[in-house]
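Novice: With the sequences and hints as input, model every part of the structure.
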Amino acid sequence: MKGTIKDLLKVSGVHGYVIASPKGVQIKLPSKHPLAGTKDRFKALYDELVKSGKRPGNTIEVLWEDMVLTAFISGTASLMVVSAHNVNLALVRMTGKLVMANIIKEL
Amino acid sequence: MSEDISGGLENTRCSEIVRILSLGKQSGRLYLCNGGDTGNIFFRDGEIIHAQCGLLQGAKAIYETAVWTSGEYRFYPDDSPDVVTVDLSVDDILSEAANRIRQMDRITSLISSSSAVYAHDPDIKEKEITLKSIQWKVLAHVDGKRSISDISQAIGLGVSDTMKVFYTLIKAGLLKESEGSAGQSSARMIELPATPFLEALQKDLTKAMGPVAPFVISETAQEMGYDLLSDDTGHKAELIETLSNKIPSETMSLAFLDTMTDWLNAEGA
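Order-wise, the sequence lines are chains V and F. Per this note's numbering, the very first residue in the first sequence carries number 7; after that it's consecutive. Per this note's numbering, the very first residue in the second sequence carries number 23; after that it's consecutive.
What the hints contain is simulated information worked out from the structure, not anything from laboratory work. This structure is a prediction, so every number in the text was calculated from the model and none was measured. Honestly, I wouldn't trust all of these hints.
To be verified - Just the calculated beta-carbon pair ranges, DEER-fashion:
#, chain 1, residue 1, chain 2, residue 2, range
1, V, Glu71, F, Gln244, 35 to 41 angstroms
2, F, Asp109, V, Lys111, 25 to 31 angstroms
3, V, Lys111, F, Asp254, 30 to 36 angstroms
4, V, Lys29, F, Arg41, 29 to 35 angstroms
5, V, Asn108, F, Asp249, 29 to 35 angstroms
6, V, Thr10, F, Asn267, 20 to 26 angstroms
7, V, Asp53, F, Asp67, 37 to 43 angstroms
8, V, Lys29, F, Asp254, 38 to 44 angstroms
9, V, Ser37, F, Asp109, 55 to 61 angstroms
10, F, Thr217, V, Ala50, 30 to 36 angstroms
11, F, Asp284, V, Glu71, 29 to 35 angstroms
What the hints assert, rightly or not - Simulated crosslink set (DMTMM-like; lysine to aspartate or glutamate; CA at most 25 angstroms straight-line):
#, chain 1, residue 1, chain 2, residue 2
12, F, Lys268, V, Asp13
13, V, Lys111, F, Asp284
14, V, Lys12, F, Asp254
15, V, Lys16, F, Asp254
16, V, Lys12, F, Glu263
17, V, Lys16, F, Asp127
18, V, Lys12, F, Asp284
19, F, Lys47, F, Asp67
20, V, Lys111, F, Glu69
21, V, Lys12, V, Asp72
22, F, Lys186, F, Asp284
23, V, Lys12, F, Glu260
24, F, Lys82, F, Asp127
25, V, Lys12, F, Glu272
26, F, Lys225, V, Asp13
27, F, Lys149, F, Asp127
28, F, Lys167, F, Glu241
29, V, Lys111, F, Asp249
30, V, Lys16, F, Glu263
31, V, Lys16, F, Glu69
Said to hold, decoys possible - Examples of chain V residues lying across from chain F (beta carbon under 10 angstroms, computed):
#, residue
32, Ile66
33, Leu95
34, Leu97
Virtual Cβ for every residue (Gly too), placed ideally from N, Cα, C.
Specialist: Set out below in structure tokens:
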């Protein structure tokens with residue numbers, strides 16, 4: 007199965023991504039991006055999302071300022087994709103699901 | 023090497039492919055298709071652990087695909103199933119499959135194909151006939167319009183097993199082939215518009231869900247209020263995503279997403 011981070015970044019309108027796990031938060035966004043230095047906010051969001059374990063479904067979309075944050079959760083791992091609000095969200099969800107499946111395989 | 027295991031069932035029957043994969047101690051999924059019917063047989067270290075063909079699961083699904091004499095096959099290494107439905111050895115399965123093939127050769131000498139349509143024969147010769155419950159079940163569905171394949175789906179029995187029951191009913195003089203009705207069954211099948219997107223979608227969904235794929239595509243688009251001929255990439259992606267959620271197997275759902283995401287990206291999404 008393909009579904010790599012590269013595929014995700016190729017989707018028009020995707021700014022970058024964040025991978026969060028109990029080990030920490032890794033942000034991959036352009037240095038001048040408004041969310042580039044917001045590790046604490048991502049950590050807080052990750053903690054909230056992972057804590058609500060009984061949540062139905064594992065893909066969450068959050069409208070954040072003028073952007074969309076699509077979070078994929080599996081167990082304690084999370085992939086959060088930051089994109090423009092007019093991105094093809096279904097394509098982001100499809101690609102993100104594949105990337106997440108590969109991340110889980112590697113864990 | 024296993025990536026290249028593919029070909030036509032005209033030259034290599036399912037049993038032979040199963041034997042080769044078993045001897046090679048392969049792990050992965052053997053995908054088979056025969057017209058609108060599809061089957062999947064999963065291997066782990068050369069042993070069969072799961073099989074599915076239409077509504078059938080387990081050994082019955084393997085016997086169903088074993089009698090196919092046309093179509094294609096392809097082996098996908100490392101695909102694994104979510105469930106285990108087969109606990110027989112490959113030797114036991116192949117021995118029973120050989121019996122089924124012999125039976126099917128006899129049946130096809132009388133019944134041309136599973137698309138044949140039969141009707142009740144009013145000129146019954148026997149004074150008394152005893153039927154098994156499965157024969158009665160099949161007989162009750164025969165209406166001179168539905169094909170053997172349609173009836174097999176309606177009663178949830180494999181096509182080859184349904185053909186076997188038809189064989190016994192024809193031999194008993196209860197059924198006769200319906201004249202001029204060969205086209206009726208296919209006329210009821212849904213034909214999606216011939217666009218590259220829908221062709222790719224149908225091909226890949228058929229791999230995951232079998233012959234119901236065109237129905238599922240048409241129904242899902244209707245539920246979502248999407249025009250299948252629309253060029254809107256957002257709509258296409260949402261349709262693919264919704265369809266992927268309807269695939270029961272997680273592995274197959276991801277494989278479907280994988281291929282269709284590539285397709286969308288290639289189209290310039």
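Novice: If a hint holds in the structure, say so; if it doesn't, say that too.
Specialist: Hint-by-hint comparison with the structure:
Between Glu71 of chain V and Gln244 of chain F the CB atoms are about 37 angstroms apart, so this pair conforms to the stated range of 35 to 41 angstroms. For Asp109 of chain F and Lys111 of chain V, the Cβ-Cβ distance of about 27 angstroms falls inside the hinted range of 25 to 31 angstroms, so the restraint holds. Remark: the range hint 30 to 36 angstroms for Lys111 of chain V to Asp254 of chain F is upheld by a beta-carbon distance near 33 angstroms. Separated by about 47 angstroms at the C-beta atoms, Lys29 of chain V and Arg41 of chain F break the suggested range of 29 to 35 angstroms.
Separation of Asn108 of chain V from Asp249 of chain F is about 34 angstroms and conforms to the stated range, judged on CB atoms against 29 to 35 angstroms. In this structure the hint that Thr10 of chain V and Asn267 of chain F lie 20 to 26 angstroms apart at CB holds, the actual value being about 22 angstroms. Between Asp53 of chain V and Asp67 of chain F the C-beta distance comes to about 41 angstroms, which sits within the given range of 37 to 43 angstroms. In this structure, Lys29 of chain V and Asp254 of chain F meet the distance hint of 38 to 44 angstroms, their C-beta atoms being roughly 40 angstroms apart.
For Ser37 of chain V paired with Asp109 of chain F, a C-beta distance near 57 angstroms keeps the hint of 55 to 61 angstroms intact. In this structure, Thr217 of chain F and Ala50 of chain V break the distance hint of 30 to 36 angstroms, their C-beta atoms being roughly 46 angstroms apart. For Asp284 of chain F paired with Glu71 of chain V, a C-beta distance near 32 angstroms keeps the hint of 29 to 35 angstroms intact. A C-alpha spacing of about 24 angstroms is found between Lys268 of chain F and Asp13 of chain V, which places the hinted pair at or below 25 angstroms, so the restraint holds.
For the hint pairing Lys111 of chain V with Asp284 of chain F, the CA-to-CA distance comes to about 20 angstroms; that is within 25 angstroms, so the pair holds. Distance check on the hinted pair: Lys12 of chain V and Asp254 of chain F sit about 24 angstroms apart at the alpha-carbon level, within 25 angstroms; holds. A distance of roughly 19 angstroms separates the Cα atoms of Lys16 of chain V and Asp254 of chain F; the hinted pair therefore holds under the 25 angstroms criterion. Only pairs whose Cα atoms come within 25 angstroms are accepted, and Lys12 of chain V paired with Glu263 of chain F is accepted, the gap being roughly 20 angstroms.
A distance of roughly 53 angstroms separates the Cα atoms of Lys16 of chain V and Asp127 of chain F; the hinted pair therefore is violated under the 25 angstroms criterion. Simply put, Lys12 of chain V and Asp284 of chain F have alpha-carbon atoms about 13 angstroms apart, close enough for the 25 angstroms limit, and the pair holds. In summary, the hint linking Lys47 of chain F to Asp67 of chain F is supported, as the alpha carbons are separated by about 4 angstroms, within the 25 angstroms threshold. Under the criterion of a C-alpha separation no larger than 25 angstroms, the hint pairing Lys111 of chain V with Glu69 of chain F is consistent with the structure, at around 23 angstroms.
As the CA atoms of Lys12 of chain V and Asp72 of chain V are separated by approximately 23 angstroms, the hinted pair is consistent with the 25 angstroms bound. For the hint pairing Lys186 of chain F with Asp284 of chain F, the CA-to-CA distance comes to about 43 angstroms; that exceeds 25 angstroms, so the pair is violated. For the hint pairing Lys12 of chain V with Glu260 of chain F, the CA-to-CA distance comes to about 21 angstroms; that is within 25 angstroms, so the pair holds. Under the criterion of a C-alpha separation no larger than 25 angstroms, the hint pairing Lys82 of chain F with Asp127 of chain F is consistent with the structure, at around 18 angstroms.
With a C-alpha separation of about 23 angstroms, the suggested pair Lys12 of chain V and Glu272 of chain F falls inside the 25 angstroms cut-off, and the hint holds. With a CA separation close to 23 angstroms, the supplied pair Lys225 of chain F and Asp13 of chain V stays within the 25 angstroms bound. Using a Cα cut-off of 25 angstroms, the hinted pair Lys149 of chain F and Asp127 of chain F is violated, with the two alpha carbons roughly 30 angstroms apart. Simply put, Lys167 of chain F and Glu241 of chain F have alpha-carbon atoms about 24 angstroms apart, close enough for the 25 angstroms limit, and the pair holds.
For the proposed pair Lys111 of chain V and Asp249 of chain F, the alpha carbon gap of about 37 angstroms is over 25 angstroms, so the pair is violated. The suggested pairing of Lys16 of chain V with Glu263 of chain F holds, with an alpha-carbon distance near 18 angstroms, which does not exceed 25 angstroms. Between the alpha carbons of Lys16 of chain V and Glu69 of chain F the distance comes to roughly 40 angstroms, so the proposed pair goes past 25 angstroms and is violated. Because the smallest distance between the Cβ of Ile66 of chain V and any Cβ of chain F comes to about 15 angstroms, over 10 angstroms, the interface hint for this residue is violated.
Contact between Leu95 of chain V and chain F, as hinted, is supported at the beta carbon level, the nearest pair being about 8 angstroms apart and thus within 10 angstroms. Hint status for Leu97 of chain V: holds, given a least beta-carbon distance of 4 angstroms to chain F, under 10 angstroms.
Consistency with the previously given hints fails for numbers 4, 10, 17, 22, 27, 29, 31, 32, ordered from lowest to highest.
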